[in-house]
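Asks: What follows is each chain in one-letter form.
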Amino acid sequence: MQRVALLEVSDITVRFGGIVALDDLSFTMDEGQILGLIGPNGAGKTTLFNVVSRIYDPTTGSVTFDGEDLTAMSAHEISRVGVYRTFQNLALWPGMTVIENVMVGDHTNTKANVMSSALRLPSMRKEEADLRDRAWAALEELNLTDVAYSPAAGLPFGTLKRIELARALIANPRLIMLDEPASGLTHAEVDSLAQDIKDLRDRHNLTVLLVEHHMRMVLGISEKLVVLNFGRKIADGDPDVVRNDPEVIEAYLGSS
Amino acid sequence: MTWNFDVLPDFIFNGLSLGAIYGTVALALVLIFKATTLINFATGELAMLGAFLVYVLHMEQGLWLWLSMLLAMLLSAGLGVLIERSLTRPFDPEDHLPVVLITLGLFLIINAVAGDIWNYQVRILTNPFGKFPDWVPSVGGDRFVEVLGSRLKYQSIGIWVTLAVALFVLGLILNKTRAGLAFRAVSSNVESARLVGVHTGRTLGFGWAIASAFGTLGAVLVAPQLGGVNPNMMATILIYALAGAALGGLDSLGGAVLGGILVGLIQAVLVTWGGVVVFGQLYMSILQLAAAFLIILIVLLFRPSGLFGTRRVERV
Amino acid sequence: MSAPLVVVAKDSAEHKRWQYVQWLYLAGFLLLTPLVLEPFEIGKMNRALIMSVAILAVNLVVGFNGMLALGHSAFMGIGAFVTASMVQDENWDYWQVLPVVLIVGFIMGVVIGLPALRVKGLYLALVTIAQAAVFPTLVNIDELGIAARTGGPNGKGVSEEVIAPSYLEWLPGVDGARGGSAYRYWIIVLMLGITLLVITNYLRSRPGRAVLAIRDNEAGAAVYGVNLPVVKTMNFAISASLGSLAGLMWCLDKGFVAGQDFTFLLAIDLIIGLVLGGVGTIQGSLVGGLFVVWVNDLTKRISIPLGLYTLNGDGPLAKAIFGLILILFTFFAPGGIVSLARLVSSKLIKVVPLTPAGEPIEPLSNFDPGMESTRADAAVKLAVVPPVLLAIGWLLMSVNNLIVGVLAFGLRMTILMAPVAMLVGSNELKAHAAGNRPDSVQGPANMARLLGAAGTVFVIVYAVQRFVLNY
Numbered sequence: 001m002q003r004v005a006l007l008e009v010s011d012i013t014v015r016f017g018g019i020v021a022l023d024d025l026s027f028t029m030d031e032g033q034i035l036g037l038i039g040p041n042g043a044g045k046t047t048l049f050n051v052v053s054r055i056y057d058p059t060t061g062s063v064t065f066d067g068e069d070l071t072a073m074s075a076h077e078i079s080r081v082g083v084y085r086t087f088q089n090l091a092l093w094p095g096m097t098v099i100e101n102v103m104v105g106d107h108t109n110t111k112a113n114v115m116s117s118a119l120r121l122p123s124m125r126k127e128e129a130d131l132r133d134r135a136w137a138a139l140e141e142l143n144l145t146d147v148a149y150s151p152a153a154g155l156p157f158g159t160l161k162r163i164e165l166a167r168a169l170i171a172n173p174r175l176i177m178l179d180e181p182a183s184g185l186t187h188a189e190v191d192s193l194a195q196d197i198k199d200l201r202d203r204h205n206l207t208v209l210l211v212e213h214h215m216r217m218v219l220g221i222s223e224k225l226v227v228l229n230f231g232r233k234i235a236d237g238d239p240d241v242v243r244n245d246p247e248v249i250e251a252y253l254g255s256s
Numbered sequence: 001m002t003w004n005f006d007v008l009p010d011f012i013f014n015g016l017s018l019g020a021i022y023g024t025v026a027l028a029l030v031l032i033f034k035a036t037t038l039i040n041f042a043t044g045e046l047a048m049l050g051a052f053l054v055y056v057l058h059m060e061q062g063l064w065l066w067l068s069m070l071l072a073m074l075l076s077a078g079l080g081v082l083i084e085r086s087l088t089r090p091f092d093p094e095d096h097l098p099v100v101l102i103t104l105g106l107f108l109i110i111n112a113v114a115g116d117i118w119n120y121q122v123r124i125l126t127n128p129f130g131k132f133p134d135w136v137p138s139v140g141g142d143r144f145v146e147v148l149g150s151r152l153k154y155q156s157i158g159i160w161v162t163l164a165v166a167l168f169v170l171g172l173i174l175n176k177t178r179a180g181l182a183f184r185a186v187s188s189n190v191e192s193a194r195l196v197g198v199h200t201g202r203t204l205g206f207g208w209a210i211a212s213a214f215g216t217l218g219a220v221l222v223a224p225q226l227g228g229v230n231p232n233m234m235a236t237i238l239i240y241a242l243a244g245a246a247l248g249g250l251d252s253l254g255g256a257v258l259g260g261i262l263v264g265l266i267q268a269v270l271v272t273w274g275g276v277v278v279f280g281q282l283y284m285s286i287l288q289l290a291a292a293f294l295i296i297l298i299v300l301l302f303r304p305s306g307l308f309g310t311r312r313v314e315r316v
Numbered sequence: 001m002s003a004p005l006v007v008v009a010k011d012s013a014e015h016k017r018w019q020y021v022q023w024l025y026l027a028g029f030l031l032l033t034p035l036v037l038e039p040f041e042i043g044k045m046n047r048a049l050i051m052s053v054a055i056l057a058v059n060l061v062v063g064f065n066g067m068l069a070l071g072h073s074a075f076m077g078i079g080a081f082v083t084a085s086m087v088q089d090e091n092w093d094y095w096q097v098l099p100v101v102l103i104v105g106f107i108m109g110v111v112i113g114l115p116a117l118r119v120k121g122l123y124l125a126l127v128t129i130a131q132a133a134v135f136p137t138l139v140n141i142d143e144l145g146i147a148a149r150t151g152g153p154n155g156k157g158v159s160e161e162v163i164a165p166s167y168l169e170w171l172p173g174v175d176g177a178r179g180g181s182a183y184r185y186w187i188i189v190l191m192l193g194i195t196l197l198v199i200t201n202y203l204r205s206r207p208g209r210a211v212l213a214i215r216d217n218e219a220g221a222a223v224y225g226v227n228l229p230v231v232k233t234m235n236f237a238i239s240a241s242l243g244s245l246a247g248l249m250w251c252l253d254k255g256f257v258a259g260q261d262f263t264f265l266l267a268i269d270l271i272i273g274l275v276l277g278g279v280g281t282i283q284g285s286l287v288g289g290l291f292v293v294w295v296n297d298l299t300k301r302i303s304i305p306l307g308l309y310t311l312n313g314d315g316p317l318a319k320a321i322f323g324l325i326l327i328l329f330t331f332f333a334p335g336g337i338v339s340l341a342r343l344v345s346s347k348l349i350k351v352v353p354l355t356p357a358g359e360p361i362e363p364l365s366n367f368d369p370g371m372e373s374t375r376a377d378a379a380v381k382l383a384v385v386p387p388v389l390l391a392i393g394w395l396l397m398s399v400n401n402l403i404v405g406v407l408a409f410g411l412r413m414t415i416l417m418a419p420v421a422m423l424v425g426s427n428e429l430k431a432h433a434a435g436n437r438p439d440s441v442q443g444p445a446n447m448a449r450l451l452g453a454a455g456t457v458f459v460i461v462y463a464v465q466r467f468v469l470n471y
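Protein chains in written order, with my numbering: chain F, 1 to 256; chain C, 1 to 316; chain H, 1 to 471.
Because the hints were derived from the structure by calculation, they are not lab data. Given the structure is predicted, the values throughout are model-derived calculations rather than measurements. Some hints could be false.
As a list, the in silico DSS-like pairs of lysine-lysine whose alpha-carbon atoms are at most 27 Å apart [said to hold, decoys possible]:
id, chain 1, residue 1, chain 2, residue 2
1, H, Lys430, H, Lys16
2, H, Lys350, H, Lys254
3, F, Lys126, H, Lys10
4, H, Lys44, H, Lys254
5, F, Lys126, H, Lys120
6, H, Lys16, H, Lys347
Computed footprint of chain H on chain F, listed as stretches where at least three residues anywhere in the stretch have a Cβ under 8 Å from a Cβ of chain H [claimed, not checked]:
id, region
7, 15-27
8, 132-139
Interface residues of chain H toward chain C, partial, derived using beta-carbon atoms under 8 Å [what the hints assert, rightly or not]:
id, residue
9, Leu122
10, Leu138
11, Ile268
12, Pro316
Even glycine gets a Cβ: it sits at the ideal position worked out from N, Cα and C.
All chains should be modelled from the sequences, with the hints used to inform the complete structure.
Replies: Below you can see the structure in the form of structure tokens.
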């Protein structure tokens, strides 16, 4: 059966003044795939994330998700089509408890407004109770229930990374973009994270776009690799083929 | 009611000299904003304190006026450094609330202390440009010259010349001294400046110092227009200066001066002179302040980075 | 950190008992105010509660959304002038003006908030500070009938006094000399109560969490679907609406409004109340209102004896003290009084949250110090504190009429101490029954329970006695 591309990045160029952060980048992702996006520091990986999540405007090019043009949307609309991301340096809300953080994760699919909340109308109460249960379930899935009611501020880095994952999961995402989920984790944590990502993909029918420096993990779970160097795509395809590509080896080990 | 074009030049001259003063205070605001992205709400009160220093040195101690001004500017620069070092440096400049609270606290304390020492009555301070000096040939009177059938006051000319000299000196400091270079580096990018070894804290202190000196200059220049110095003298000036800074662009030094001058012109020409036709002269002082508020709103609506601001304004 | 003295599961019988006691004390405090205080002091309390509403409004923007709004005096002014004009000129009832004031405030909030909140940075601070400076001059404009409505420089009085209708004369304090201010007190308490309820509901639900998310991390909030300018502007407009409500309450209480009541200095008072009470906490707004009015009042009275310069009885001392408070709190207690109180209460009691299945999220025994516990002894000491404090408060009241402060202080401390002692006592007895404590714990635990109960009862009896004496 012919698989249809879910995410299509075509001819994306991003310039900041004279610097070209992304140079005519194109690739596609199939539904249910785990795609590893790798490249040396400064290759433009996070820039791509910021383009897809509409924090940056691309200079040229377009990003299509399931037939919808993401570049025509604004940042807060991206979640409506089911695209979510985590952040390299975390973007949690430290002033709230962990469970509240996860509850905001489903902001897009919940409806309570100022009026119904201020008056605690029955519809809002029902939604709130349901949301709380689902947030708890998401925390349970990532083994976070013991910190559910702690403030997000001051928890260990590894825990915070899992909270970000739980926050993205509660919204039933279709595409989830993980920005260096393994950074700052111990060896054991990295292995369990890799397993978690695979399991979550299977259980929730996710498509995962993964940026990661931890090569063993990327090669272990990716079904497709895209390699960037200085904003340009230098290789694309099956991980076992790409890892032996001379240009890729050169980019990682340096020329000459 | 008819438009009386004969008096228009009067209003323009008046607006330009008021505007130059707003520009001076706006410059004090922008000097601190540029380096720290903070609005220093104590700017006006520091300037008022500087004007009182001139009052003490010149009126009470009998020092020569210009020497008193120079001393007062140096002293308030020192006070600025002291405040930066002791009160604002411990806080993360990215977190606006604490530092704004500190400057609000300073605003209250300085005003209260000045109020307790000098009471809240207006005290006369010699006008540095009251009369032409003797060596100027008389062309119409000893306080003004006739231009376009209107009186161009010596006061206005004096303010412009002073501002021009001060700007020239500021330009020299920023472009020719190490501290000025460091300041420009810090205000364009704190992180990179730190990486190349600029002592950012000391540099911000330098920014506070020049800002306080400029504020003092503005306060001394404005005092004759208000009949003298008093602890609340800078309250409305600060609002006009804020409008000027917003109009010029919060991160542009030249923009601050030009923005301040424009606000002065708008206030004098559009509101006072033009407004005579629309409302009635009596109520113009009311609308003048409202004009400052409207300028800020309009700038935000149509050009948030101001006329000369270079910072890319992030839409959220 | 030492372990908390009492550990209870959320919604357990003990936790509920603890909450009932708190409510009881709050009710006592609310009842005592109109019964014990002199009319002019009730007026001060009214002012404090009105300030609390306005501080809560500022808090919504500054504390919960992380945006700097420094001009809420103007929103208060708009609310106050609309009220005065409608009640005096159009003979409306206050209750009829209420929705109008809320809507007018909301619209003003959108008009001012939208341009400023569209862009990142300190622009809201810039606009709001100008708004506060301009507002007092605007009410003097003669054209468009503005000055006629606002009374211009003379201010506007409402000639009809707010007095209790006959069917509400049973309200505590609403009789005889202090009837008027006491009746207004009850109206203000009712409005404040509803405001607190509505705002708490708002903040603890989907829209409120979005507001907090923006404060904590804007980029994160946007990725999760929060429309930043819309949510910020909505929140600012709600805040402006609430500020206008405080203006309505001001007019209702004073019966007179003037432009010079709503200057930049009032806006700064609100910021000070916010910082003093606690930025980003609802209780902080309440405490802040009480303290701002109290400090203002205190400094006015000691300025002349200290030989400080005063102008219209309003000297520079209050400003200097407020300025100092701002700086000191920013340095040493950025969380305000509430964070200090929370620090104390976290040492006294810990409420363990529940899982959806209704089990404590952590077993309570995790917090149990075991056989070597000295809690029973500590509780005995605690139990002695409330009656002593209350006695001191009583003594002070007879020599000084800083009743508001003493009452607030004494009662707040008492709320914490006596019931805690009682709870610790019974907890220790329970632990003994389960075999987790030596027999020697029994004596002090029994004593703590007894003394704690006595302290609680003592306060209640005191309240009832004042009630009966004055009613």
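Asks: So, for every hint listed, does it hold in this structure?
Replies: Structure-based check of each hint:
A distance of roughly 17 Å separates the Cα atoms of lysine 430 of chain H and lysine 16 of chain H; the hinted pair therefore holds under the 27 Å criterion. The suggested pairing of lysine 350 of chain H with lysine 254 of chain H is violated, with an alpha-carbon distance near 43 Å, which exceeds 27 Å. Distance check on the hinted pair: lysine 126 of chain F and lysine 10 of chain H sit about 21 Å apart at the alpha-carbon level, within 27 Å; holds. With a C-alpha separation of about 11 Å, the suggested pairing of lysine 44 of chain H with lysine 254 of chain H holds against the 27 Å cut-off.
Between lysine 126 of chain F and lysine 120 of chain H the CA atoms are separated by roughly 36 Å; this puts the pair beyond 27 Å, and the hint is violated. The hinted pair formed by lysine 16 of chain H and lysine 347 of chain H meets the criterion: a straight-line CA distance of about 19 Å does not exceed 27 Å. Chain H is given as covering the region 15-27 of chain F, and this is violated because 0 residues of the stretch bring a CB closer than 8 Å to a CB of that chain, at least three being needed. For the region 132-139 of chain F, the assignment as covered by chain H holds, since 3 residues bring a beta-carbon within under 8 Å of that chain's beta-carbons and 3 suffice.
Satisfaction of the interface hint for leucine 122 of chain H is found here, the shortest Cβ-Cβ separation to chain C being roughly 5 Å, below the 8 Å cut-off. A distance limit of 8 Å between C-beta atoms decides the matter here; for leucine 138 of chain H the minimum to chain C is near 6 Å, and the interface restraint holds. The interface hint given for isoleucine 268 of chain H is met, as the beta carbon of that residue sits about 6 Å from the closest beta carbon of chain C, less than 8 Å. Among the interface hints, the one on proline 316 of chain H holds; its C-beta lies about 4 Å from the nearest C-beta in chain C, closer than the 8 Å criterion.
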